[in-house]
Amino acid sequence: MNDHLLVIFPHPDDEAFGVSGTIAKHTKKGSPVTYICLTLGQMGRNMGNPPFATRESLPLIRQKELEKACAAVGIEDLRQFGLRDKTIEFEDEQFLADEFLTVINEIKPSTIITFYPGYSVHPDHEATGRAVVRAVKSMSESERPELLCVAFARNSEEDLGAPHIVTDVSDVFEEKMNCIKAHRSQTQWLVNSVEKDPGMLEWVQKERFWRYPL
Amino acid sequence: MQPIQANDVQHALDQFIGKELYLHLETTNGAYANHNNESVLTVNAYIRNGKVTPLSGKIMGDGPFRVGLKIELGWIYAEGLTHWEIDSEGKLLLAGHDQEGRLAVALQLSTSPFDV
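Residue numbers (this note's numbering), protein chains in the order written: chain A, 1 to 214; chain X, 215 to 330.
These are calculated hints, taken from the structure and not from any lab test.
For glycine and all other residues, C-beta sits at the position ideal for the given N, C-alpha and C.
You may find that some hints are simply not true.
Stated by the list, open to error - Each pair of labels, with its calculated beta carbon distance range:
| no. | chain 1 | residue 1 | chain 2 | residue 2 | range |
| --- | --- | --- | --- | --- | --- |
| 1 | A | R211 | X | I261 | 35 to 45 Å |
| 2 | A | M200 | X | I261 | 29 to 39 Å |
| 3 | X | Q313 | A | R79 | 17 to 27 Å |
| 4 | X | N251 | A | E195 | 21 to 31 Å |
| 5 | A | G199 | X | S326 | 45 to 55 Å |
| 6 | A | G82 | X | S302 | 36 to 46 Å |
| 7 | A | D159 | X | K284 | 46 to 56 Å |
As the list claims (entries may be wrong) - Derived, one-sided and incomplete: chain A residues facing chain X with beta-carbon distance under 7 Å:
| no. | residue |
| --- | --- |
| 8 | R45 |
| 9 | N46 |
| 10 | M47 |
| 11 | N49 |
| 12 | P50 |
| 13 | P51 |
| 14 | R55 |
| 15 | E56 |
| 16 | T111 |
| 17 | V121 |
| 18 | H122 |
Taking the hints into account, I'd like the entire structure generated from these sequences.
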């Protein structure tokens with residue numbers, strides 16, 4: 001059975017927080033993972049603390065961080081779309097959906113993970129999720145992969161109910177933390193809080209997904 | 215980047231006056247500002263590769279600093295600047311970082327376009 005997982009997010013590090021454990025579990029059992037990352041997070045405001053990146057060096061640094069993060073969880077197929085941070089919602093949605101469909105038709109994933117439209121806070125997340133939904137909806141029902149979404153807006157559980165899937169990723173905790181740590185310019189605060197705050201540690205060890213109603 | 219020394223930045227600014235330049239001007243309180251605190255408005259704005267020819271420019275303040283550039287029909291202004299550098303491509307980068315090292319404001323000038 002094809003067990004190819006396709007992950008589609010706009011920013012390097014979007015995969016780290018909520019999905020890298022699921023990715024690591026997947027690659028550990030020998031199943032392939034393709035990661036489409038749309039931008040280099042060029043407009044991130046985290047520059048390291050104390051800052052070691054500038055607005056101009058940030059994309060170069062994040063490129064290396066992304067490659068390291070992929071290696072940490074066994075992603076061998078990274079597809080970068082070369083778009084610009086904060087501009088995804090201004091791209092043509094059908095164009096994005098078509099680009100995603102090209103990859104979907106090539107690798108025929110059994111599952112796609114992206115952000116839940118309406119519940120993912122950042123405009124780039126929302127636009128990415130919408131375009132993925134559009135792509136999957138355009139497929140015939142029998143050919144559609146399972147579509148799992150990450151939601152973290154405050155009203156997510158209130159509106160969508162409890163997550164449909166909660167995955168315990170404590171068995172790949174080291175891989176997940178290495179993925180998070182790889183995005184050093186962006187994640188020092190998170191690494192610190194996981195080390196200090198038991199609530200954060202608990203949060204990192206579970207990954208939560210909602211099935212999107214197509 | 216290094217902490218701003220006003221004299222050094224003024225000297226660097228002077229090198230760019232009267233030239234046709236590419237401008238990057240930005241301010242942000244983070245894409246999650248309102249998510250993290252409902253009473254705060256998420257506010258971000260940037261211009262990348264605006265074409266400008268400054269007629270004069272000054273850095274003012276005791277730190278954090280302000281920079282104002284006079285252009286033919288108006289002004290370019292940034293407040294809250296803390297750090298600066300001339301990067302490997304000769305671009306003048308000025309930024310304001312908060313206590314956690316996060317970029318809150320940036321004003322950058324270059325004689326060649328910024329990457330997009």
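> Okay, A/M200 versus X/I261 on CB: inside 29 to 39 Å?
Replying inline: 37 Å, holds
>> Would the hint on A/P51 be counted as holding, given a Cβ-Cβ threshold of 7 Å to chain X?
In response: 4 Å, holds
> If you check the beta carbons of A/R211 and X/I261, does the distance land in 35 to 45 Å?
Replying inline: 41 Å, holds
> Per the hint of 17 to 27 Å, is the separation of the Cβ atoms of X/Q313 and A/R79 within bounds?
Replying inline: 37 Å, violated
> Is the interface hint for A/E56 satisfied, with its Cβ closer than 7 Å to some Cβ of chain X?
Replying inline: Result: holds, 6 Å to nearest chain X Cβ.
>> Tell me if the beta carbons of A/G199 and X/S326 are separated by a distance inside 45 to 55 Å.
In response: 48 Å, holds
>> Using the nearest Cβ pair, does A/R45 come within less than 7 Å of chain X?
In response: It holds, given that the least Cβ distance between A/R45 and chain X is near 5 Å, below 7 Å.
> Does A/M47 meet its interface restraint, that is, does its C-beta lie within less than 7 Å of any C-beta in chain X?
Replying inline: The hint holds - A/M47 has a Cβ within 7 Å of chain X, the shortest such distance being about 5 Å.
>> Hint validation: A/P50 versus chain X, beta carbon distance must be below 7 Å. Holds or violated?
In response: At 5 Å from the nearest chain X Cβ, A/P50 passes the 7 Å test, so the hint holds.
> Against chain X, with CB atoms and a cut of 7 Å, does the hint on A/R55 hold up?
Replying inline: Since the shortest Cβ distance to chain X is 5 Å, the answer is holds.
>> 46 to 56 Å was suggested as the range; check whether the CB atoms of A/D159 and X/K284 agree with it.
In response: Taking Cβ atoms as reference, A/D159 and X/K284 lie about 51 Å apart, which means the hint holds.
> At a threshold of 7 Å, is the proposed contact between A/H122 and chain X supported by beta-carbon distances?
Replying inline: 5 Å, holds
Violation of the numbered hints given earlier is confined to hints 3, 6 and 16; the remaining hints are satisfied by the structure.
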